[in-house]
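On the provided structure of chain A, position chain B as indicated by the hints.
Top to bottom, those sequences are chains A and B.
Per my numbering, residue 1 is the first one in the first sequence, and the count goes up by one each step.
Per my numbering, residue 297 is the first one in the second sequence, and the count goes up by one each step.
Calculated from the structure, these hints are not laboratory results.
Incorrect hints may have been included.
Claimed, not checked - In the DSBU-like style, the derived pairs of lysine-lysine whose C-alpha atoms are separated by at most 35 angstroms in a straight line are:
#	chain 1	residue 1	chain 2	residue 2
1	A	K62	B	K681
2	B	K442	B	K680
3	B	K680	B	K558
4	B	K681	B	K578
5	B	K578	B	K632
6	B	K336	B	K396
7	B	K663	B	K402
8	B	K571	A	K62
9	B	K680	A	K62
10	B	K336	B	K449
11	A	K62	B	K675
12	B	K663	B	K690
13	B	K578	A	K62
14	B	K578	B	K426
15	B	K690	B	K477
16	B	K336	B	K477
17	B	K442	B	K368
18	B	K558	A	K62
As the list claims (entries may be wrong) - Cβ-to-Cβ under 7 angstroms is the rule here; a few derived chain B residues that face chain A:
#	residue
19	E511
20	Q512
21	Q517
22	D520
23	R522
24	S523
25	A530
26	G543
27	D554
28	L555
29	G556
30	M559
31	D574
32	I575
33	S592
Unchecked claim - Among the chain A residues that face chain B by a calculated CB cut under 10 angstroms, a handful are:
#	residue
34	L66
35	E111
36	G113
37	I117
38	V118
39	T122
40	R123
Glycine included, each C-beta is placed from N, C-alpha and C at the ideal position.
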Amino acid sequence: MGSAGDLILQQLINGISLGSIYALIALGYTMVYGIIQLINFAHGDVMMVGAYIGWFCTTVLKFSFLPALIVAMFLSAVLGVIIERIAYKPLRNATRLAALITAIGMSFFLEYGGMLIVTPQTRTFPSVFPQTVYTFGNVAFKYGDIVIVITTVILMLLLQFIVKYTKTGKAMRAVSYDKDAANLMGINVNNTISATFALGSALAAAAGVLIGVYFNTIDPLMGIMPGLKAFIAAVLGGIGIIPGAMLGGLAMGLIESIVSGIGYSTWRDAAAFIILIVVLLIKPNGLLGKNIREKV
Amino acid sequence: MKAKKIFTYAFVALMCLALVVGCSPKAPAPDATKAADVIKIGGNFELTGGVAEFGKKGEMGAKLAIKEANAKGGILGKKIEYVGADNKSEASESTLATTKLVTQDKVVGIIGPMTSTNTLAAVQVLNDNKVPLITPTGTNATVTVKADGTLNKWMFRACFIDPFQGEVAANFAIDQLKSTKASIIIDQKSDYAKGLAASFKETFEKAGKQVISTEQYVAGQDKDFRSILTNIKAKNPDVIFVPGYYGEVGLIVKQARDLGMKMAMLGGDGWGDDKLLDIAGKDSLNNTFYVDHVASDDPALAAFAASFKAEYNQDINSFAVLGYDAAKMMIAAIEKAGSTDTAKIQAALETMSGFKGVSGESTIDPKTHNPKKSASIIKFVDGKKVFAARVNPK
Chain A
1 MGSAGDLILQ
11 QLINGISLGS
21 IYALIALGYT
31 MVYGIIQLIN
41 FAHGDVMMVG
51 AYIGWFCTTV
61 LKFSFLPALI
71 VAMFLSAVLG
81 VIIERIAYKP
91 LRNATRLAAL
101 ITAIGMSFFL
111 EYGGMLIVTP
121 QTRTFPSVFP
131 QTVYTFGNVA
141 FKYGDIVIVI
151 TTVILMLLLQ
161 FIVKYTKTGK
171 AMRAVSYDKD
181 AANLMGINVN
191 NTISATFALG
201 SALAAAAGVL
211 IGVYFNTIDP
221 LMGIMPGLKA
231 FIAAVLGGIG
241 IIPGAMLGGL
251 AMGLIESIVS
261 GIGYSTWRDA
271 AAFIILIVVL
281 LIKPNGLLGK
291 NIREKV
Chain B
297 MKAKKIFTYA
307 FVALMCLALV
317 VGCSPKAPAP
327 DATKAADVIK
337 IGGNFELTGG
347 VAEFGKKGEM
357 GAKLAIKEAN
367 AKGGILGKKI
377 EYVGADNKSE
387 ASESTLATTK
397 LVTQDKVVGI
407 IGPMTSTNTL
417 AAVQVLNDNK
427 VPLITPTGTN
437 ATVTVKADGT
447 LNKWMFRACF
457 IDPFQGEVAA
467 NFAIDQLKST
477 KASIIIDQKS
487 DYAKGLAASF
497 KETFEKAGKQ
507 VISTEQYVAG
517 QDKDFRSILT
527 NIKAKNPDVI
537 FVPGYYGEVG
547 LIVKQARDLG
557 MKMAMLGGDG
567 WGDDKLLDIA
577 GKDSLNNTFY
587 VDHVASDDPA
597 LAAFAASFKA
607 EYNQDINSFA
617 VLGYDAAKMM
627 IAAIEKAGST
637 DTAKIQAALE
647 TMSGFKGVSG
657 ESTIDPKTHN
667 PKKSASIIKF
677 VDGKKVFAAR
687 VNPK
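Looking at chain A on its own, in the form it has when it is part of the complex (with noise of 0.2 angstroms):
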């Protein structure tokens, strides 16, 4: 009886710790989806770029833990703003769709000329944290879990604060509700945008540092799984809300071990985009979504 319910106590550590992840990229694709409508599927590989720059940081410069995950989220962010100038400002204008295809293409740039430059092999990142494990009972969970789990809230904190209380977070929703009314309240608009891309980015990177500790390897195509698993998980909390981020990250965590703890391993990753199809047909909006984005 007691082990049963350990079982699925532990089921539920591990699916919070990867549901944290999940939320943290997912931050990312719901912010640019809010503002520009724009699913930007190199996201994933902005997170994969910002988990190589973590391991440069922690195994060449000998980081620890807290400064390399800042240098990642930095550097993330200014090439979040490079990509968004050089490959989606342009297309600004065009149709919806051929935003959605650069933005695939942008992710395949980064996937091979990632594998060009520092090589298709995986890397280890070195034990940065210390590698205790604590356990209760038949429970156990790591310093790494606590770790991940703490970033990823003071992060959410930090975003809630900006959005909500910082003269960039009141344009980045002035534009995303009306792009046109905002630039003619003198609201930089551009910029704004770059904003949303950087802060994106910057979480996508932390997400990337945290992967890369935890599980150890890092390899250039690192970022196609987690990235879908998140968009799949800002689609389920509703494609453009930030709460709705973090929720269907969560919910995506732990619907992955459930499927997973009942004897469904295979079944995993079907599981989550059965999640996605029925998300899309039944509530398109996702949980937190409201029927009033349709505008005419």
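Frame of chain A, contents of chain B only:
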């Protein structure tokens, strides 16, 4: 236009002539003078190209075996001559090298190549010319038995095939680890892992033990194995068999240990990369084992390692050992046949039993040409690979 065509024909004719002229003085000379008093064994190895390191070590091993046999006076009263050919790590070059060895050099048998692909490229030539070949390390099942189940009559190997590792691992788990309940974690994309898992399960259950759960993952995508490991933990097996490659295996071992799972973990030769140590960490790897063809620190190999070092000033590895054993097996077959007739050598190889190589005793199965032989178990002790045991086939 026309002039160009004539030029082309003339050029081709000239090339043909050059080929004939170039070859004619060389080819008959050694045949006429030497063929009577030496026995020629060919070597088709990857001496350049992508896997040159495999081929070079294999050839060194084979040459050493021949040198030692000659030092003892050769076989059938004749010296052995080694004729080498480079297949440049390419299948098409392997076919050419085999053709050269068989038709020009008239070898009675061939050692090599080291990889399955290059070995498969030699099959047709050898079937046509009826010359036996022993590959030291070509593990693909189709080297000796075609996909449709027919035997490649002239093909042999000195190593065991992949699924056999599962059998070895199961026997090791039963006899040495005293396991009764096992879990298996399979990479569902890899035939290698599935083959090992199937033979592990069969052997383990045949001995009256239980495989209590089987979990699957997809290599290259999954990084988080905690969910499936949590399931396994609840079932509490005393051994976990993970027949994957080092990337995922490293993560699985590490995450299992983090979840407080201390049981033994076992795998196949896909574990044999130093990256495993980086990924899993040395503490997590304690109480893990894997099957390999050869362990370089196996005490039974010490004498061979010493003579190899004396000859080449290099350390041995599994390629050197199996190259050496392949050549020894060929020599033993010629001796047993008592003749240099290739059909008799083939028959001797097919019925070879109890052949004592440095990598263990092997018996060729006439139905599949795969040897039944001993395998080595390697154990991790604080991040070092240590020879743990040699497991003999049952």
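Practice problem: Compare the structure with the hints numbered earlier in the document and write down the numbers of the violated ones, lowest to highest. | Solution: Hints 2, 5, 14, 16, 17, 30, 33, 34, 35, 36, 37, 38 not satisfied by this model.
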